Amino acid sequence: MHSLRSILFLAYGLLALVAASPTGIVQKRGVYKVERVRNPNPIPRNGPRSLLKTLRKYRMPVPASLLNAAEKQEELISKREPRRQKGMGNGVNAGGFTAAAQGGGRGGRNREKGKGRGKGKGGAGAGGATAPQETATANTNGTGLVVNVPEANDVEYLSPVNIGGQVVNLDFDTGSSDLWVFNTQLSAAATQGHALYDPSSSATFKLIGNAQFQISYGDGSGAEGIVGTDVVNIGGAEVKAQAVELATAVTQSFVDDVATDGLLGLAFGTINTVQPQQQKTFFENVMPDLAEPLFTADMRAGANGAYEFGRIDTTKFTGDMTFVDIDNTQGFWQFTSDKFAVDGGAAQTSVAGNQAIADTGTTLLLADPAIADAYYAKVDGAQNDQQQGGFTIPCNAKLPDLQLAVGDAMATVKGSNLNFAPVDAAGQTCFGGLQAGQSGGLQIYGDIFFKSNFVVFNGGNNTLGFAEHV
Numbered sequence: 001m002h003s004l005r006s007i008l009f010l011a012y013g014l015l016a017l018v019a020a021s022p023t024g025i026v027q028k029r030g031v032y033k034v035e036r037v038r039n040p041n042p043i044p045r046n047g048p049r050s051l052l053k054t055l056r057k058y059r060m061p062v063p064a065s066l067l068n069a070a071e072k073q074e075e076l077i078s079k080r081e082p083r084r085q086k087g088m089g090n091g092v093n094a095g096g097f098t099a100a101a102q103g104g105g106r107g108g109r110n111r112e113k114g115k116g117r118g119k120g121k122g123g124a125g126a127g128g129a130t131a132p133q134e135t136a137t138a139n140t141n142g143t144g145l146v147v148n149v150p151e152a153n154d155v156e157y158l159s160p161v162n163i164g165g166q167v168v169n170l171d172f173d174t175g176s177s178d179l180w181v182f183n184t185q186l187s188a189a190a191t192q193g194h195a196l197y198d199p200s201s202s203a204t205f206k207l208i209g210n211a212q213f214q215i216s217y218g219d220g221s222g223a224e225g226i227v228g229t230d231v232v233n234i235g236g237a238e239v240k241a242q243a244v245e246l247a248t249a250v251t252q253s254f255v256d257d258v259a260t261d262g263l264l265g266l267a268f269g270t271i272n273t274v275q276p277q278q279q280k281t282f283f284e285n286v287m288p289d290l291a292e293p294l295f296t297a298d299m300r301a302g303a304n305g306a307y308e309f310g311r312i313d314t315t316k317f318t319g320d321m322t323f324v325d326i327d328n329t330q331g332f333w334q335f336t337s338d339k340f341a342v343d344g345g346a347a348q349t350s351v352a353g354n355q356a357i358a359d360t361g362t363t364l365l366l367a368d369p370a371i372a373d374a375y376y377a378k379v380d381g382a383q384n385d386q387q388q389g390g391f392t393i394p395c396n397a398k399l400p401d402l403q404l405a406v407g408d409a410m411a412t413v414k415g416s417n418l419n420f421a422p423v424d425a426a427g428q429t430c431f432g433g434l435q436a437g438q439s440g441g442l443q444i445y446g447d448i449f450f451k452s453n454f455v456v457f458n459g460g461n462n463t464l465g466f467a468e469h470v
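With the first letter of the sequence shown counted as 1, position 220 gets the number 220 in UniProt numbering; the numbers rise by one all the way through.
Here are the in silico distance ranges between beta carbons for each label pair:
no. : residue 1 : residue 2 : range
1   : 198       : 329       : 32 to 40 Å
2   : 343       : 383       : 16 to 24 Å
3   : 439       : 346       : 17 to 25 Å
4   : 386       : 346       : 25 to 33 Å
5   : 270       : 438       : 17 to 25 Å
6   : 209       : 167       : 22 to 30 Å
7   : 200       : 377       : 56 to 64 Å
8   : 203       : 428       : 56 to 64 Å
Calculated from the structure, these hints are not laboratory results.
Model, not experiment: these values are computed from the prediction.
All C-beta atoms in this analysis are idealised placements derived from N, C-alpha and C, irrespective of residue type, glycine included.
Please build the complete structure, drawing on both the sequences and the hints.
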């Protein structure tokens, strides 16, 4: 009898343990969401400038006609909305680090996004204890929600991020791998209107001795400075020792853009610009502690959307989710995209083996010239207008859908998302959201692509998923 009671007691204990195990696992694995809301102070779009920024961002040739068109468009916007003139800043010809720092040396020179390996020099300007490079740890308790703000008529998506208990608005960028912020190391002139991170007010900040960063986004914008670690929380997903790059110098275009307090890179750490030792991205650090090792981008046009870490919300898309392998050897979410179709027509090949990347930090859709030519041939009144710096269309044109290969599958970009912004005072001629890159060169699928597609970035198996928005 005693033996039977012991067996029953043991069996009951085992059953209780089995029943409790799934709950424990769920509690340790998190799902975290970052929702979007409207920006109350939008900045007008400038089509030529957006194209210029994309070309420079990826070190592609910039035609002189595009520079002229971007400058003229700035003048037109300034005349139409004089109060925005200062806010436009030096978006066209912003070169060099024009915002003086209060402390800290400039270091990490020649660090270009995705290219180069500069050797950082210069002393640290922030206080705090020196800490060696360490693997960041994630806090996996609970779930959370934080607001994400689309800026400049959907030109840029911003999200409040908590660093050391302080909130700053960052641009989530799947085309870069640095987390850098406006902070108290910068001069008052450089920080007016920005939310600032103050490392001296954080009990958890630690300076990484001799670490420096410099990142250039190619449009002349960039930042450089020193590096530390702190607790970073995004919608409840928390990394205890995330590398945080403190700008001691930034370009004027970032100074003028008071809605943005820095960037959060979501590409791969192999293109992180910190020297002498590169740092992991927030996603790489938090990924092992997510319910699933992925994040999603829900960036529908004209509607609230979200970034979500740890799960795929099946209510946000229609049809099947298609996954394709990505090639991250260059540090990007890169895939083959060498076929296309216009308005559901027969598939055509642009250049065999053509590559593309998914980049939430780019506004336009930059594709092979063969794609742009074939697409706009189907649009009455469309032309490749050198005076405007790219393809233009009548603003009232009915635009066909565009199908683009993502691996072996085809994703649709709705025609309604391919009208970018007016380029004339009368609002009759508009800049196309699809523009031509280099033949056979890297294609950049930016926000225009995301407005039509719900996208999954899976770091667990290096795949990219997509499906049409609901």
